[in-house]
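Take a look at the letters that make up each chain.
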Amino acid sequence: MKVLVCVKRVLDPQVKARVKADGSGVDLANAKMTMNPFCENGLEEALRLREAGTVEEIIVASVGGGKTEETLRHGLAMGADRAIQVVTEEALEPLAIAKVLKQIAEQEGVGLVLTGKQAIDDDSNQTAQMMSALLGWSLAAFCSDIKIEGDKATIIREVDAGLETIEVRMPTVMSADLRLNEPRYVKLPDVMKAKRKPMDKIELDSLGLDTANRLTTLQVEEPEGRAAGIIVNSVGELVEKLRNEAKVI
Amino acid sequence: MSNLVIVEHDNNEVAAATLHAVTAAQQIGGDIDLLVAGENCGAVAEAAAKIAGVSSVKLADDAKFGHHLAENLATLIVDVAPGYSHVLASATTFGKNVMPRAAALLDKAQISEIVEVKSPDTFVRPIYAGNALATVQSSDEIKMITVRTIMFEAAAAEGGSASVEVIGGGADTGLSSWVSQAVSNNDQVDLTSAKIVISGGRGMQSGDNFEMLHKVAAKLGAAVGASRAAVDSGFVPNELQVGQTGKVIAPDLYIAVGISGAIQHLAGMKESKVIVAINNDSEAPIFQVADYGLVADLFEAVPELDAAL
Ligand SMILES: Cc1cc2nc3c(=O)[nH]c(=O)nc-3n(C[C@H](O)[C@H](O)[C@H](O)COP(=O)(O)OP(=O)(O)OC[C@H]3O[C@@H](n4cnc5c(N)ncnc54)[C@H](O)[C@@H]3O)c2cc1C
Numbered sequence: 029m030k031v032l033v034c035v036k037r038v039l040d041p042q043v044k045a046r047v048k049a050d051g052s053g054v055d056l057a058n059a060k061m062t063m064n065p066f067c068e069n070g071l072e073e074a075l076r077l078r079e080a081g082t083v084e085e086i087i088v089a090s091v092g093g094g095k096t097e098e099t100l101r102h103g104l105a106m107g108a109d110r111a112i113q114v115v116t117e118e119a120l121e122p123l124a125i126a127k128v129l130k131q132i133a134e135q136e137g138v139g140l141v142l143t144g145k146q147a148i149d150d151d152s153n154q155t156a157q158m159m160s161a162l163l164g165w166s167l168a169a170f171c172s173d174i175k176i177e178g179d180k181a182t183i184i185r186e187v188d189a190g191l192e193t194i195e196v197r198m199p200t201v202m203s204a205d206l207r208l209n210e211p212r213y214v215k216l217p218d219v220m221k222a223k224r225k226p227m228d229k230i231e232l233d234s235l236g237l238d239t240a241n242r243l244t245t246l247q248v249e250e251p252e253g254r255a256a257g258i259i260v261n262s263v264g265e266l267v268e269k270l271r272n273e274a275k276v277i
Numbered sequence: 038m039s040n041l042v043i044v045e046h047d048n049n050e051v052a053a054a055t056l057h058a059v060t061a062a063q064q065i066g067g068d069i070d071l072l073v074a075g076e077n078c079g080a081v082a083e084a085a086a087k088i089a090g091v092s093s094v095k096l097a098d099d100a101k102f103g104h105h106l107a108e109n110l111a112t113l114i115v116d117v118a119p120g121y122s123h124v125l126a127s128a129t130t131f132g133k134n135v136m137p138r139a140a141a142l143l144d145k146a147q148i149s150e151i152v153e154v155k156s157p158d159t160f161v162r163p164i165y166a167g168n169a170l171a172t173v174q175s176s177d178e179i180k181m182i183t184v185r186t187i188m189f190e191a192a193a194a195e196g197g198s199a200s201v202e203v204i205g206g207g208a209d210t211g212l213s214s215w216v217s218q219a220v221s222n223n224d225q226v227d228l229t230s231a232k233i234v235i236s237g238g239r240g241m242q243s244g245d246n247f248e249m250l251h252k253v254a255a256k257l258g259a260a261v262g263a264s265r266a267a268v269d270s271g272f273v274p275n276e277l278q279v280g281q282t283g284k285v286i287a288p289d290l291y292i293a294v295g296i297s298g299a300i301q302h303l304a305g306m307k308e309s310k311v312i313v314a315i316n317n318d319s320e321a322p323i324f325q326v327a328d329y330g331l332v333a334d335l336f337e338a339v340p341e342l343d344a345a346l
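Line order of the protein sequences matches chains A and B.
Going by our numbering, the letters in the first sequence line up with residues 29 to 277, in that order.
Going by our numbering, the letters in the second sequence line up with residues 38 to 346, in that order.
Treat the hints as calculated values from the structure; they're not laboratory data.
Heads up, the beta-carbon is just placed ideally off N, CA and C, and yes, glycines get one too.
Where hints are given, some of them may not hold.
Under the rule of at most 25 Å between Cα atoms (straight-line distance), these lysine-lysine pairs were calculated in the PhoX-like manner [unchecked claim]:
id, chain 1, residue 1, chain 2, residue 2
1, B, 307, A, 269
2, A, 269, B, 95
3, B, 310, A, 275
4, A, 269, B, 155
5, A, 275, B, 307
6, A, 44, B, 307
7, A, 269, B, 232
8, A, 127, B, 145
9, A, 275, B, 232
10, B, 252, B, 284
11, A, 275, B, 256
12, B, 232, A, 44
13, A, 44, B, 310
14, A, 48, B, 155
15, A, 269, B, 256
Derived Cβ-Cβ restraints for the label pairs, each shown as a range [to be verified]:
id, chain 1, residue 1, chain 2, residue 2, range
16, A, 274, B, 255, 12 to 22 Å
17, B, 38, A, 52, 24 to 34 Å
18, B, 317, A, 58, 34 to 44 Å
19, A, 81, B, 252, 45 to 55 Å
20, A, 119, B, 310, 28 to 38 Å
21, A, 219, B, 336, 20 to 30 Å
Throw the hints in and build the complete structure from the sequences for me.
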């Protein structure tokens, strides 16, 4: 089975996002970028499925401009076999991304799609669900455990009430939660090897899809900060303040 | 304008989260209908009909909706949605699972986790773990929306007298089936609706040490939460996680114990009314959002707190 792992280039999670002075968006100029952590979990799972013999080939794909290639190279260094970059300088919405990646999944004839459950930049949490809809496949969202057996997969999902186990028919679209696995570190020889792995570039326009955005961002602003608090010197003082000042206990 | 709110429930009761989504619909304006899909869930439809401001409740009662699997439920939403200007669900794992699937089938964008309604087509939503707020305007004729519950008051559960209309539900897609649900501890206070939450982080060192927090929680009528590090370390189960990828909560009082205050944790609790931090590192970022900070060893401070209450 071939698997398509969809990955996104995002601001590094350790970096605090800064809003541009003109309110047009978040300032990413010169910012440290990485592969979205959840996407790394998706890719790691694909690598483990290949090691277990369930998967033969791993394709990493991403939709984006110039530096997206760096993120795909990282995926190749982690161990993916080849990469596809759908090239566009426009910031597409999840629905458009799902249409593009659905087409790639069909062209490549994959039997499984793995994505991260959300991207930590726009926090939309939509792409996997939308791809499953467009492909007409089953959906396994927020996975923390995956077992594939023949034409079925048993999934443990992280839900608000705890852990839910479901069974889905293959082919399927799975979205990874952080506790699915611990992504491996990339070693220098892997980075060198990744440079020689195939990287296809497809122009977005050549796919002939309607990827027009449906949302217009009118403004991006920083949330109001919290007023500065105080340091108390003892548990006694804390309890007194909570009772008599804040009146919350 | 007309709103369809997808009701979250366990086949017995309407989930509190839905009441917050109803309020978002009220702010959009126009009629509000509710969709209840489940198995033997007539009681849910009756309760839903009593929610203030609701015009009608559509009830799809069928085994294939029993566990709210995304494939069958999305297909139903696609059948019912045309004619509505807005379809809303709470931004819980229930809504996050099914709504984007329905949106894509309708060829509509989804506006995730709105925190404010500016006008019927313009909404505010947090991005970058809440470090920025984006105001977005939608051009879709059906607006598919999930609602961040803490930012909208709960609608009154009583006072309405909507009609209940039974609808069919289409064929079973047969794509997935439910196997089981592990629920760890039912008698604890619900984290998302608790007025007081006491959370532990990596500084707690073990699951056993969380017993200290449970004792304080019992005295305060509080729920116990956790950081991702505490969940990843196996101290507590995943449903206790607060943050960007866990639950987003806003209690009156949030007590963070042995939690450093990473961006991703703050994303889940910084709307709390009063924040208390107990940490032995005076440089920990959690102190920057705390109303009351106590620089102390938690293994001394928490038992002292327990004794003082
Ligand atoms: C994509 C992504 C998503 C994430 N989502 C979430 C999320 O939803 N929720 C979340 O919480 N995190 C999330 N994280 C993780 C987050 O970045 C932090 O790693 C995590 O919150 C740290 O947890 P912690 O504060 O318990 O641990 P640490 O950062 O290790 O902090 C432990 C704190 O305990 C204090 N301490 C230790 N011993 C004592 C003692 N005896 N007495 C008092 N204080 C003590 C230390 O001074 C320290 O400040 C996410 C990360 C990523 C990359």
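Now the hints, each set against the structure:
1. B:307 / A:269: Holds, at about 20 Å.
2. A:269 / B:95: 49 Å, violated
3. B:310 / A:275: Given pair residue 310 (chain B), residue 275 (chain A) holds - Cα atoms ~11 Å apart, limit 25 Å.
4. A:269 / B:155: 37 Å, violated
5. A:275 / B:307: 19 Å, holds
6. A:44 / B:307: 15 Å, holds
7. A:269 / B:232: 17 Å, holds
8. A:127 / B:145: OK: residue 127 (chain A) and residue 145 (chain B) at ~12 Å, within 25 Å.
9. A:275 / B:232: Given that 25 Å is the threshold and the Cα spacing comes to 12 Å, the pair holds.
10. B:252 / B:284: Judged against 25 Å, a Cα distance of about 22 Å means the pair holds.
11. A:275 / B:256: Satisfied, since the Cα-Cα distance of roughly 16 Å is no more than 25 Å.
12. B:232 / A:44: 29 Å, violated
13. A:44 / B:310: Distance of about 23 Å is within 25 Å: holds.
14. A:48 / B:155: 22 Å, holds
15. A:269 / B:256: 17 Å, holds
16. A:274 / B:255: 12 to 22 Å: 21 Å, holds
17. B:38 / A:52: 24 to 34 Å: 30 Å, holds
18. B:317 / A:58: 34 to 44 Å: 36 Å, holds
19. A:81 / B:252: 45 to 55 Å: Holds - the Cβ-Cβ distance for residue 81 (chain A) and residue 252 (chain B), about 49 Å, lies within 45 to 55 Å.
20. A:119 / B:310: 28 to 38 Å: 36 Å, holds
21. A:219 / B:336: 20 to 30 Å: The hint (20 to 30 Å, Cβ to Cβ) is violated, given that residue 219 (chain A) and residue 336 (chain B) are roughly 44 Å apart.
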